[in-house]
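Line order of the protein sequences matches chains E and A. Heads up: the first sequence runs through residues 257 to 369, numbered per this note's numbering. Heads up: the second sequence runs through residues 38 to 154, numbered per this note's numbering.
Hints are not guaranteed to be accurate.
To list a few chain A residues with every Cβ distance to chain E over 12 Å, as calculated [claimed, not checked]:
1) Q43
2) T57
3) A119
4) S121
Result set (DSS-like, lysine-lysine): computed pairs, CA atoms no more than 25 Å apart in a straight line [claimed, not checked]:
5) A:K46 <-> E:K298
6) E:K361 <-> A:K51
7) E:K324 <-> E:K356
8) E:K293 <-> A:K46
Covered stretches of chain E (chain A as the covering partner; in silico rule of three or more C-beta atoms under 8 Å from a C-beta of chain A) [unchecked claim]:
9) 301-312
10) 355-368
Hints listed in this document are in silico derivations from the structure and should not be mistaken for laboratory results. No residue lacks a Cβ here, since even glycine has one placed at the ideal position from N, Cα and C.
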Amino acid sequence: GESVGLHLPTLSVQEGDNSIINCAYSNSASDYFIWYKQESGKGPQFIIDIRSNMDKRQGQRVTVLLNKTVKHLSLQIAATQPGDSAVYFCAENSGGSNYKLTFGKGTLLTVNP
Amino acid sequence: NAGVTQTPKFQVLKTGQSMTLQCAQDMNHEYMSWYRQDPGMGLRLIHYSVGAGITDQGEVPNGYNVSRSTTEDFPLRLLSAAPSQTSVYFCASSYGRTPAGGRNEQYFGPGTRLTVT
Chain E
257 GESVGLHLPT LSVQEGDNSI INCAYSNSAS DYFIWYKQES GKGPQFIIDI
307 RSNMDKRQGQ RVTVLLNKTV KHLSLQIAAT QPGDSAVYFC AENSGGSNYK
357 LTFGKGTLLT VNP
Chain A
38 NAGVTQTPKF QVLKTGQSMT LQCAQDMNHE YMSWYRQDPG MGLRLIHYSV
88 GAGITDQGEV PNGYNVSRST TEDFPLRLLS AAPSQTSVYF CASSYGRTPA
138 GGRNEQYFGP GTRLTVT
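The shape of chain A in the complex, shown without the other chains (with noise of 0.2 Å):
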């Protein structure tokens, strides 16, 4: 298994601009999520998705969409990039629920380093 992949690993954006972080796993994980991690401020949840079809809002959703049309795929969007966007971005895919006396960890991928100039 690839485990948890991202793509790009390292983005520079004008302010305005658009574009999509790609997240994919191959484990079968029903649950994925998107972090941001700043200096300091430890992993931040933007938007989490428990199933195909189902999104919902972290604790930072502003600025960012998803979409979860298949369980293997959950992109971030970026509709107008700003400075206050720049940050790593983590990807994250676990089992949705944690199964009785078992581990239920989350496998990250590599991360996204964007900057927003």
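Just chain E, same shape as in the assembly (with noise of 0.2 Å):
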């Protein structure tokens, strides 16, 4: 079937540092997706999200980037801070109009002070 997944499954950088977490996924059809953080013994949260007809989105020191060609996607969190260590996963819609998410493994992402 189709299915979402991390290139990494954990990261570790300094405070300060800029980081980068990597995501590909298969389904072609897919036109929407989310980068969501979990920290220890929390439900995902919503970070940031882009559709297929964009390559790029930023937010608040979070920048999504969206490679259609190679079905891949990118999480860059600049001025990593500590408060920032959690897992972060990537979800496609793969339901197409019929809107259903589908999850990546997630990456462990750890900001060393």
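Work from the hints to combine the two standalone chains into their complex.
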């Protein structure tokens, strides 16, 4: 079946550095993508989304890039802070007009002070 | 708004016991779903519903039942618990169709940590 996966299961960075978390998706019909952050013991929380008609979208300290040619999604976090330490998931709307999210396995980001 | 609420937060069951995990949302969302999260497996969809009276299976539906009698509630039932169902369960809700140019993330509850011995 269609799936969303991550290249790196863990990422360790120094405080103040930029972080890049990658995600590959396989459903070429997916038209909506979301990045979630999950802190220990909590449910996932929305970070940023992007539609398939866009290549880039920026939020506060975060940027999502979408490359439809190679079916790749990335999340960039600028000036990473200790509070950014969490598991990050990408998700795609694999249901087309019938909304249904498929999640990747997640990347654990650890920020070292 | 309380958002998405789940009860209980923790539960221990013996093999063969049954129980219902409760989920409610107060955002008038059409779409509700249940996921389980296991180490290294990410979030896997168990069942979902696109509206009251409509449910469908996700990726891992075996051993679980759901119903959607109201827009607000979406309980998940384990009829005969097995150790393989030890996991953290998340309920989520969202609008059923993504509005053009709009944002439509799923809102997640705090989770239920279930252990089956």
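Comparing the hints with the structure gives:
no.: 1; hint: Q43; result: 9 Å, violated
no.: 2; hint: T57; result: 19 Å, holds
no.: 3; hint: A119; result: 23 Å, holds
no.: 4; hint: S121; result: 19 Å, holds
no.: 5; hint: A:K46 <-> E:K298; result: 11 Å, holds
no.: 6; hint: E:K361 <-> A:K51; result: 29 Å, violated
no.: 7; hint: E:K324 <-> E:K356; result: 19 Å, holds
no.: 8; hint: E:K293 <-> A:K46; result: 20 Å, holds
no.: 9; hint: 301-312; result: holds (count 4)
no.: 10; hint: 355-368; result: holds (count 8)
The structure is inconsistent with the numbered hints 1 and 6, although it conforms to all the rest.
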